[in-house]
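Protein chains: 2
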Amino acid sequence: MASYSTKFSVTVLGSNSALPANGRHPTAQLLNANNHYYLIDCGEGTQMQLRRYNLKMQRIKAVFVSHMHGDHYFGLVGMLNSQHLLGRTKPLKIFGPPQLQQIAELQLDAAGGRLQYPIEFIALEKVGEGTNEIFRDKHIIVHAFDLKHRIPCLGFLFTEAEREHTYLAEKGGPAGVKIEEIPVLKQGMDVVREDGTVIRFEDFTTPPAPPRTYAYCTDTLPLESTVEHVKGATLLYHESTFLEKEKKRSKETFHSTAKQAAEIARKAEVEALMLGHYSARYGELDEHLVEAGEEFASVILSEEGKEVEIGSPI
Amino acid sequence: MASYSTKFSVTVLGSNSALPANGRHPTAQLLNANNHYYLIDCGEGTQMQLRRYNLKMQRIKAVFVSHMHGDHYFGLVGMLNSQHLLGRTKPLKIFGPPQLQQIAELQLDAAGGRLQYPIEFIALEKVGEGTNEIFRDKHIIVHAFDLKHRIPCLGFLFTEAEREHTYLAEKGGPAGVKIEEIPVLKQGMDVVREDGTVIRFEDFTTPPAPPRTYAYCTDTLPLESTVEHVKGATLLYHESTFLEKEKKRSKETFHSTAKQAAEIARKAEVEALMLGHYSARYGELDEHLVEAGEEFASVILSEEGKEVEIGSPI
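Sequence order for the protein chains is A and B.
Following our numbering, the numbering of the first sequence begins with 1 at its first residue and continues without gaps.
Following our numbering, the numbering of the second sequence begins with 1001 at its first residue and continues without gaps.
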């Protein structure tokens, strides 16, 4: 297991499917990448859940909405409004289906006011084959890919930005590495001096841990294409609305069972799988864990308010 | 104090203003009239609050939305969808500003499905002077009237339907009142027999208690017109977003203070006043109670989940 110096975690704010029940909320997750916040889906009550778990909504830089079923976005405009009331001035990016902007703007217009911070809506269309890079900043890179649900729906792959190599002063100092050469070495590049001497970065740095990835897949039928898109992910979140005994119902409603989620995890050789988007019919979730565990060893249930460190043993 | 044989109560589901905080939710109230449910406003999280307090959303016959600020309706479409998922087939009436229908239908369309029960939207326009009857069934009559907020906003007056007189069998029996005459007497009408004999309803029945009224006023500046519209109400809910020390802020934002709410209650000679729609800045609400109590004796704070029996001593 690699050791990581930066934060890369996800906190589940809502773990249920369309009908909130059993104390579980509609879908929302907060991704923390190097202490920068990104929100994935925003079901009704997300702003209250953020407050409950002491996660400051003002720190959210971007929101990613998978599809236009209400349990994945009905909390959005309330949160936007609360950010305004709390004095937000920093811009916010919102990625989602084209109708999201129209609906949100109608709601904001009907309220007769303007938000005091800028919002940029980025409409996400169907990707087709492969994945699309939709966002990149200093902390993460986000790719979208198609899932298969009753209406267009996207999965997201969040990849940590490449980090610098660690400079080994105890080696570089005695060898005469100059201060201005260090940033180049930390970028993983060799320095060639004017006299032709080559200072190899491999001799004076250790490489960063490989970037971790978080794959987010809900709502969807189990897909072979998902196996490709999430290949080797550090953590895969795959919906498991149903158990195998409701397999027929699961297929009819374009959802997955816990077993099917685990099959994807196994085939994609991810490090760990997190289940979620549970049907309201399930009070206890032990069976989900058992069913998935028969297919794949490293499985956890999503649990509201619990922060999962991506890449740490589960 | 009259004694009442039928239920007329209100359960507050959300007592805070726009920013949910201090464990308090955005505005929603459930009115129970003779065990029929009517929802007043539907802020984000209303469906979860209904579930928390074991109030079945399927029993709601009509929804009344005061205005288009999100903290008064962002929970609506989520609740509509959950009613569908729970198998509702009974029609639902929704009264609210004209934009409400457009926004709700866009959200339902974007979800790509149809609800399996019929919804009738009734657009409420500005009333002007006086009040408008907007709804009537066997249990309640609802009037709307104008409030004054940053955007158009309506108050609602809920009046119990007239109930029957109580027939006194111990008097009617010995006097020879016939079975077929009883329903007439219970309607408060005399019976005139073919031979000219008059059976007076007053001799064989006791009158029902006078219909109770529940007046709902949020969000609004304090208004002289409100005094007229809620005159003599059994229970007045009047917003008290602020305390007097924030009076300037209250006026700027078209809200009321606890003192102003109590002044309306006193002038309108209502039986009792319930405060609510508290600003997130107030953790404890004792000061609201004290400030209003200096103007008007019968004051209660709205408290989420507590059922207030309208007309019972507070």
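There may be inaccurate statements among the hints.
Derived coverage of chain A by chain B (criterion: at least 3 residues anywhere in the stretch with Cβ under 8 Å from a Cβ of chain B; other residues may be distant) [claimed, not checked]:
hint: 1; stretch: 13–27
hint: 2; stretch: 40–47
hint: 3; stretch: 89–95
hint: 4; stretch: 111–121
Residues from chain B that keep clear of chain A, each with C-beta distances beyond 10 Å, as calculated [to be verified]:
hint: 5; residue: E1044
hint: 6; residue: G1045
hint: 7; residue: L1085
hint: 8; residue: A1111
hint: 9; residue: P1210
hint: 10; residue: K1231
Derived from the structure by calculation, the hints contain no laboratory data.
In this text, a Cβ means the ideal position worked out from N, Cα and C, and glycines have one as well.
Now for the hints, and whether the structure bears them out:
1. 13–27: holds (count 6)
2. 40–47: holds (count 3)
3. 89–95: Coverage by chain B is violated here, the residue count being 0 at a Cβ distance below 8 Å.
4. 111–121: Three-residue rule met by the stretch 111–121 of chain A, so holds; n is 3.
5. E1044: violated, 5 Å
6. G1045: violated, 5 Å
7. L1085: violated, 5 Å
8. A1111: violated, 5 Å
9. P1210: holds, 39 Å
10. K1231: For K1231(B), whose nearest Cβ neighbour in chain A is about 30 Å away, the distance exceeds 10 Å, so it holds.
Going through the hint list in order, the structure does not satisfy hints 3, 5, 6, 7, 8.
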